[in-house]
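S.K.: Residue strings, one per chain:
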Amino acid sequence: MVKDVCKTFHPNTVNEQIALYNVNVRMREGDFITLIGGNGAGKSTLLNCVAGVYGVDRGTILIDNSDVTRLPEHKRAAVLGRVFQDPMMGTAANMGIEENLALAYRRGLRRGLKWGITRRERELYREQLKWLGLGLEDRLNDKVGLLSGGQRQALTLLMATLKKPKLLLLDEHTAALDPKTAQKVLEITERLVKENNLTTLMVTHNMRDAIKHGNRLIMMHEGRIILDIEGEEKKKLTVEGLLRRFGRISGEEFANDRALLS
Amino acid sequence: MLDILMGAISLGLLWAVMTIGVFITYRILNIADLTVEGSIAMGAAIAAQGITMGMSPHAATLLALIGGMTAGLVTGLLHTQLKIPALLSGILTMIALWSINLRIMGKANISLLRMNTVYTQLETLGLDKVYAVIIIGLIVVFALITCLYWFFGTEIGSAIRATGSNPHMVRAQGINTNTTIILGLIISNGLVALSGALIAQSQSYSDVQMGTGSIVIGLASVIIGEVLFGKKNFYGRLISLALGAVTYRIIIALVLKMGMPANDLKLFTAITVAVALSLPVFKQYLLPLRKSYKGVE
Chain A
1 MVKDVCKTFH PNTVNEQIAL YNVNVRMREG DFITLIGGNG AGKSTLLNCV
51 AGVYGVDRGT ILIDNSDVTR LPEHKRAAVL GRVFQDPMMG TAANMGIEEN
101 LALAYRRGLR RGLKWGITRR ERELYREQLK WLGLGLEDRL NDKVGLLSGG
151 QRQALTLLMA TLKKPKLLLL DEHTAALDPK TAQKVLEITE RLVKENNLTT
201 LMVTHNMRDA IKHGNRLIMM HEGRIILDIE GEEKKKLTVE GLLRRFGRIS
251 GEEFANDRAL LS
Chain B
263 MLDILMGAIS LGLLWAVMTI GVFITYRILN IADLTVEGSI AMGAAIAAQG
313 ITMGMSPHAA TLLALIGGMT AGLVTGLLHT QLKIPALLSG ILTMIALWSI
363 NLRIMGKANI SLLRMNTVYT QLETLGLDKV YAVIIIGLIV VFALITCLYW
413 FFGTEIGSAI RATGSNPHMV RAQGINTNTT IILGLIISNG LVALSGALIA
463 QSQSYSDVQM GTGSIVIGLA SVIIGEVLFG KKNFYGRLIS LALGAVTYRI
513 IIALVLKMGM PANDLKLFTA ITVAVALSLP VFKQYLLPLR KSYKGVE
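Protein chains in written order, with this note's numbering: chain A, 1 to 262; chain B, 263 to 559.
Hint data in this document are derived by calculation from the structure and do not stem from the laboratory.
Watch out, some of these pointers could steer you wrong.
As the list claims (entries may be wrong) - No farther apart than 20 Å at their CA atoms in a straight line, the calculated lysine to aspartate or glutamate pairs in the DMTMM-like style are these:
| # | chain 1 | residue 1 | chain 2 | residue 2 |
| --- | --- | --- | --- | --- |
| 1 | B | Lys345 | A | Glu73 |
| 2 | A | Lys143 | B | Glu488 |
| 3 | B | Lys493 | A | Asp142 |
| 4 | B | Lys494 | A | Glu98 |
| 5 | A | Lys212 | A | Glu230 |
| 6 | A | Lys194 | A | Glu127 |
| 7 | A | Lys163 | B | Glu417 |
| 8 | B | Lys494 | A | Asp138 |
| 9 | A | Lys194 | A | Glu230 |
Unchecked claim - Just so you have them, the derived chain A footprint on chain B, three or more residues with Cβ under 8 Å:
| # | stretch |
| --- | --- |
| 10 | 410-420 |
| 11 | 424-430 |
| 12 | 435-448 |
Beta carbons: idealized from backbone N, C-alpha and C, even for Gly.
Pulled out of the complex, with its shape left as it was, chain B reads as follows (with noise of 0.2 Å):
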C-alpha cells in the first residue's frame, strides 16, 4: 500500500509541472490549448533520444523545455498572426507534433532501461528510485512556484494575468495582447514538455502516444486543486495545483487497486472533469432551491 501511495505521489509531483502550464492556459489565459496533448509527448520524445544519443540527462531535459516552448510558440502564432482559433490553432500544433515526435525519435517508443536519468544520481547514493523521483519533483515544483509567483508578479506577468481577465482593458492600456497571449503559452507549453521529459525518465521510456488525453488529466488536477486546496492568493493557487496533481494520482491508484479495469482510466477521468466542470451549472439550480427553503423558514 506504502508503494502505492509512494508511487502516486511521485508520478503526480511530476504531472504537478504540467498541470501549472495547463493552469497558465486554461485558467491565467483563459483558453483551452490542446497544444499540451502533443508537448508533453515532445517533452519525452527529446529527452529520451537526447539521452540515448548520449547527452547528459539535464542537459536533453533542458533541451525538451525549449523544444516545449517552441511548440507553444507556434501555437500562438497561429492564433494571434493568422488569426486561427485559440482551441484549432492547439490541435493543429498538437496534430503535427504527433508526425514531429515520431521524427524525432525515429520510432513509436524509446526504451531509457539502465540508462542515465536526472534521477540517476540520486539513486547511486543508495535511494530508491520512488524516493529520488520525490525528492526531484519537489525541488522542480518548489522552484516552479517560487519562479512563477515572481514572474506573474512583475509588470509582464501581470499583464499576461489582465490579458486573460480581459483584453479589451489591456490593450487599452498599451499592452499587445498578442505578445501575451504567445509568453502564456510558451512558458506553457514549455513546463508540459519539461513535465514529459521528467516523467519519461522516471517511467525509463518514452513513447509516441503518451500525451494522449493528457489535457483532461491536467483539467482534472487543475480542478482538484482548486476545489479542494483552493486558496485566493496567488502563491496558494500554485501551491493548490501542485496538490491537486498529486491527490488526483493518488485517486487513480486507489480505484485501480479496488479494481477497476486500468482500461476505464480515461472515461472515468473524463467523467469526473465533466461534473467537477458543470458544478456552477447545478449550484446555479440548487441555490434558489436552498433560498426559498429559507423564505419559508
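Next up, chain A with everything else stripped away, as it sits in the complex (with noise of 0.2 Å):
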C-alpha cells in the first residue's frame, strides 16, 4: 500500500519536478495492476519509491502492513521481486544462468559461507527454466550476456519470482524487447503471475497490454493518479475509450506517441 507519496527531485533548484504528487494506492493481495501514463508521469517513479531506490519525501509505504519507508533497497528486496526495463539490469552478465538464478534464490535470506549452489537446487533450477520453454534448460552453466535480450528478461521474472515475493514490481519489462519477443515474455509473465497467484505492479506504455493484462488499471498524470479501474469495468475498456476519458480527466491529448501507436 502506498499512502500520501510525494517525491520532488531537485527541491529548491530551478530543475526542480515534482514528480508524485499525494499518490495513494492500496492494493489487495492478488492484485494485478497495471500502471500506465505518459512520459513523466510518475510511474517509474512510483515503482522505484515503493522498491527503495529512492526515498520519498512525505508519506509512508507500507508492505503487507509493514512500514518500509525507511528501509534500504536491500532491505526491502527480501519480499519484492523486480524486473527492469533493460535486460541488462537484471542480471549479472559475466556469471551463469545458474549462479544468477542461485543469488535469485536466497533473495532474503542470510547469505554464509556454504556453497553457492548446492545439486539439489539445481534440479529445480532445471525445471523452472524447462517451465519457461525456452530451451535454458540444458544452458544452466552458459554466461548470461551470451542471452537475448527477451531471454534475459524471462530469466530475470524467472528469478524475481524463484523466492515468491509479496510484490512483483514490473518496470516496463517489455519496452526495451521487439513486438513479437515483448508478446512472449508477456505471456510469461501472465503464467507466472497466475500459476504463483502474485500481487504484481506492471508499468507499461502501451494501452493495449495495460487493458488486456491485469484486473485493474491506473493511470498517472503529472504526478497524480487519475484514473482506477478495475473488475467488469476494465474488462471493457478499449484503447480508444481509455484515450477518451483521459482527454477528459486531463483536458490534453495523450502526449506519447509510444503508447498511441503500439
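With the hints as a guide, bring the two chains together.
M.R.: The structure is reproduced here in C-alpha cells:
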C-alpha cells in the first residue's frame, strides 16, 4: 500500500520537478495492476519509491502492513521481486545462468559461507527453466551475457519469482524488446503471476497491454493518479475509450507517440 | 642465466599474491583500487618493523596481512559510507598510508640483513635463498588460490562477484552492495600487504617507496595472465594470474639483461599496460576490416 507519497527531484533548484504528488494506492493481495501514463507521469518513480531506489519526501509505504518507508533497497528486496526495463539490469552478465538463479533463490535469506549452489537447487532450476520453454534448461552454465534480451527478461522474471515475493514490480519490462519477443515475455509474465497467485504492479507504455493484462488499471498524469478502474469495468475498456477518458480528465491529448502507436 | 630466471620466478610468485589482490578489485569488483600502492609498502613496513622488534617472522607477516585488511576497510568506508568515488578513496588511503608507513618504520627504510625471515627455516636446511623463496611462494600461492576458489564459490563470494558485474541486480536480490564492496577491498588489500611482507623479507629490506607504481605492475600481471593463459573457469583464471605475475617478472629480467636501463622500467611497464588495455579498441577497428575482406572473397 502506498499512502500520501510525495517525491520531488532536485528540490529548491531550477530543475525542481514534482514527480509524485499525494499518491495513494491500496493494493489487495492477488491484485494485478497495470500502471499506465505518458512520459514523466511518475509511473517509474512510483515503482522505484516502492522498491526503495529513491527515498520519499513525504508519506508512507507499507508492504503487508509493515512500514518499509525508511528501509534501504536491499532490505526491501526480501519481499519484492523486480524486473527492469533494461534487460541488462536484472542479471549479472558475466555469471552463469544457474549462478544468477542461485543468487535470486537466496533473496531475503542470510548469506553465509555455504557453497553458492547445491545439487538439489540445480534440479529445481532446470525444471523451472524448462517451464519457461526457451531451451535454457540445458545451458545452466552459460554466461547470461550470451542470452538475448528476451531470454534475459524471462530469466529475470524467473529470478524475481523463484522465491515468492509479496509484490512483483515490473518496470516496463517489455519496452526494450521487439514486439514478438515482448508478447512472449508478457505471456510468461501472465503464466507466472497466475500460477503463483502473485500480487503484481506492472508499469507499461502500451495501452493495449495495460488493458489486456491484470484485473485493475491505474493511469497517472503529472505525478497524480487520474484513473483507477477494475473488475468488469476494466474488462470493457478499449484503447479509444481510455484515450477519451484521459482527455476528459486531464484536458490534454495523450501525449505519447509510443503509447498511441503500439 | 639460470640465476636470473630463478630470481624472476621467485619474485614473480611473491608478486602473484599481490596480483591476485589486484584482480579481486579490478576484475571482480570492477574498481581500480589505488590503495594497493600504500598497502604493499605497509605490509613490508609492518613485517620489517615486527621482525626487527623481535617478533617471529610468521607472526609479523600475519600482522602485515591484518594491516592491509584495515587499509582496505578504510578505503571501503570512504567509498561506500562517505560516497567518495572509488578511485579517489583509494588515492586518499594511499597518501595517508605513506605517512603511516613512515611512522610504522620510524624511518624511510629498514634492513633485514641477517635477521630471521619466513625463508630462514628452509635456508638452514641448506637451500639457496632463491629456492627457499620459490618453495614458500608456491605454497602461499596455491593455498591462496584454493582458499579463494572456495570463497568465491560460497554465497557471500558469489554476491561479491555479482556486485562487480551488476550492482542493481545485487541490491534487487537483497544484498547490501556496500558490504560486498568493503569485503572485497579488505580481502584484496590484505593479500597485497601479505605480498609486500613476503617481498620485503625476500629482498631483506623494506622501503617506504616500494609501492610506487605497484598498481601498474599488478595490472600488467593480470593482463599478461589473461592474455597468455586465460581460462574460462574461475580456478583457471586464478592460476593464470600467478603465471602472469611470473611471466611479467621474466620479461622484465630479460629486457634488463638485454641492456634496458633500470630507470626506464616503469615507462616500459606503463606502455605495456596501456597497449594491453587498448587492445579491445584496436580490435574494434580491425574486426570490420577483416569482415569486409571476407565479404570480397
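S.K.: So, for every hint listed, does it hold in this structure?
M.R.: For each hint, the structure was consulted:
Restraint check for Lys345(B) and Glu73(A): satisfied, since their Cα atoms lie roughly 17 Å apart, inside the 20 Å limit. For the given pair, Lys143(A) sits about 18 Å from Glu488(B) by alpha-carbon distance, which is consistent with the 20 Å threshold. Straight-line distance between C-alpha atoms of Lys493(B) and Asp142(A) comes to about 15 Å, which keeps the hinted pair within the 20 Å bound. A threshold of 20 Å between alpha carbons decides the hint, and for Lys494(B) with Glu98(A) the separation of about 16 Å falls inside it, so the pair holds.
Between Lys212(A) and Glu230(A) the CA atoms are separated by roughly 12 Å; this keeps the pair inside 20 Å, and the hint holds. With a C-alpha separation of about 18 Å, the suggested pair Lys194(A) and Glu127(A) falls inside the 20 Å cut-off, and the hint holds. With a CA separation close to 16 Å, the supplied pair Lys163(A) and Glu417(B) stays within the 20 Å bound. Of the pairs offered as hints, the one joining Lys494(B) and Asp138(A) holds, with about 19 Å between alpha carbons and a cut-off of 20 Å not exceeded.
Taking the CA atoms of Lys194(A) and Glu230(A), the gap is near 17 Å; set against the 20 Å cutoff, the hint holds. Proximity of the stretch 410-420 of chain B to chain A, defined as three or more residues with a beta carbon under 8 Å from a beta carbon of that chain, is established by the 7 residues found. Here's how the stretch 424-430 of chain B fares: 4 of its residues keep a CB closer than 8 Å to some CB of chain A, so the rule of at least three is met and the hint holds. With a cut-off of 8 Å between beta carbons, the stretch 435-448 of chain B has 5 residues touching chain A; three or more are needed, and the interface restraint holds.
Of the hints listed earlier, there is not a single one the structure fails to meet.
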